[in-house]
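Protein chains: 2
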Amino acid sequence: MAKRTVFFISDGTGITAETFGNAILAQFEIKAHRVRLPFVDTVDKAHQAIRQINHAGEMDGNRPIVFTTLVNMDILKVITDQCSGMLLDMFGTFVHPLENELGIKSNHRVGRFSDASKSAEYNSRIEAINFSLAHDDGQMNRDLEQSDVILVGVSRSGKTPTSLYLAMQYGLKASNYPLIPEDFDRRQLPPALVPHKSKLFGLTIQPERLSEIRQERRPNSRYAALENCRMEVSEAEAMMRRAGIRSLSTTTKSIEEIATTILQEIHPDRLAY
Amino acid sequence: MAKRTVFFISDGTGITAETFGNAILAQFEIKAHRVRLPFVDTVDKAHQAIRQINHAGEMDGNRPIVFTTLVNMDILKVITDQCSGMLLDMFGTFVHPLENELGIKSNHRVGRFSDASKSAEYNSRIEAINFSLAHDDGQMNRDLEQSDVILVGVSRSGKTPTSLYLAMQYGLKASNYPLIPEDFDRRQLPPALVPHKSKLFGLTIQPERLSEIRQERRPNSRYAALENCRMEVSEAEAMMRRAGIRSLSTTTKSIEEIATTILQEIHPDRLAY
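These protein sequence lines map, in sequence, to chains B and U. Read in order, the letters of the first sequence are residues 1 to 273 in the working numbering. Read in order, the letters of the second sequence are residues 1 to 273 in the working numbering.
Just so you know, these hints were derived from the structure itself, not from any lab. Honestly, I wouldn't trust all of these hints.
The calculated DSSO-like cross-link candidates involving lysine-lysine, where the alpha carbons are at most 27 Å apart (straight line), are [said to hold, decoys possible]:
hint, chain 1, residue 1, chain 2, residue 2
1, U, Lys31, B, Lys31
2, U, Lys31, B, Lys105
3, B, Lys105, U, Lys45
4, U, Lys77, U, Lys45
5, B, Lys3, B, Lys31
6, U, Lys45, U, Lys3
7, B, Lys45, B, Lys3
8, U, Lys3, U, Lys31
9, U, Lys105, B, Lys3
10, U, Lys105, U, Lys77
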């Protein structure tokens, strides 16, 4: 396989260029060397970037692939004119047709949060992250009222990373509520959850996978034993069914897939769309 | 302003379509109604999507804007043929030129993690999230050794959301280590940190902003008082300078900007690139 270097170049963090570029590259069976070039916000830095890109092309014997989300036209022009790589201009490609469609000019604003500290959206996202951290594993039940989403499920079914993702990506206040053996003995939804049924979402998991995950945490414990995992999962699933709680098996799903499914089912009020 | 509906349509979660589409839309001063259509993975669901898109166009009196990252060609064809919206095909636009450039066909794989549970990359990301949660606020010092990055700074300087973001986005094991008044009295870097200087990154913040943030947490406390915040920040900055720790002011920065800057400075060994 020929050697290729891929660059992600942006006047901001480059995270959009990188996320999107990697999604495109995942469509190809190639192993590329990746280089992140964030904060290229002066013509000088653009010249430095050019040197680095063109040098990589000479070393590889193949022109580099360059994903860019540059919005400053002067900087983009330096790259377009002097870069020996294959340029994939992710903003320009779509912004120009949209200018025509909308009949307005784009504002060439760098980054999602131009001044992060003053953005209400940004502050509510930080608040959501702090909320979700404070409400991990059923801490502070009295605040369930304020939650946008409450995840229920047995220990290690995926509640914690999912709630943090919901907070970080969507600014949602997500709480966790673990179902524990005492709940199964009572055979009833924990009373604290009953008033919040519309916000509940259940996470379940294959007992075999759960046992594997718990083994890493507490090897050879009753907690991790396959028999016990089978019992807990089966009791938890029965409880969710009886209470009419929507649920999803996380066994083969990524955090992103779980979070997207939850949003489709729960439609939190606070979410912009 | 004319009414516009924007759709994000994908055979996967649609998170790439949404992240990228919103970055493009941020270039325009418009208020659009946004609709997420994830998991459109059958021709049937494509027809449902078409009905929804075309209906929105009739209601608005303006054709909708449709960002798609569909990789299944049969489903994409239904949308292309029958959708009355303006279609922005984010994958097709770049995948076809790349097929020519690389001389190979794309694999039309949906999503970043085709089977999340089996992906080593995915598992190490979950492990990193759990690690960063367990090592928030200086818990378990003995594991600092295993950290990829250790963030230091006064309480509420932005360490926690930044470390979670580094774990979630880059799979890095990020620990936090708060600098507290006792450290300032000693006028020395906490001894636990000394062996790990190459992994340390300092976060600082304007005392006025810090006082505001702390007021929300503990109103009218000494902890939140502007005088105390001034003292802590000044002592923490002096300590970082003396110890030669790279640092950044988080006052007007987003989590993404802070995380990207840290990666540029620290170059963690474990990071793929």
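Structure-based check of all given hints:
Using a Cα cut-off of 27 Å, the hinted pair Lys31/U and Lys31/B is violated, with the two alpha carbons roughly 40 Å apart. Proximity of Lys31/U to Lys105/B is assessed by CA-CA distance (about 15 Å); at most 27 Å being required, the pair is judged to hold. Proposed proximity of Lys105/B and Lys45/U is contradicted: the alpha carbons are some 35 Å apart, above 27 Å. With a C-alpha separation of about 13 Å, the suggested pair Lys77/U and Lys45/U falls inside the 27 Å cut-off, and the hint holds.
Restraint check: the Cα-Cα separation between Lys3/B and Lys31/B comes to about 8 Å, which is no more than 27 Å; the hinted pair holds. Among the hinted pairs, Lys45/U with Lys3/U is consistent with the structure: their alpha-carbon atoms are about 25 Å apart, no more than 27 Å. For the proposed pair Lys45/B and Lys3/B, the alpha carbon gap of about 25 Å is at most 27 Å, so the pair holds. A distance of roughly 8 Å separates the Cα atoms of Lys3/U and Lys31/U; the hinted pair therefore holds under the 27 Å criterion.
Under the criterion of a C-alpha separation no larger than 27 Å, the hint pairing Lys105/U with Lys3/B is consistent with the structure, at around 17 Å. Proposed proximity of Lys105/U and Lys77/U is supported: the alpha carbons are some 18 Å apart, at most 27 Å.
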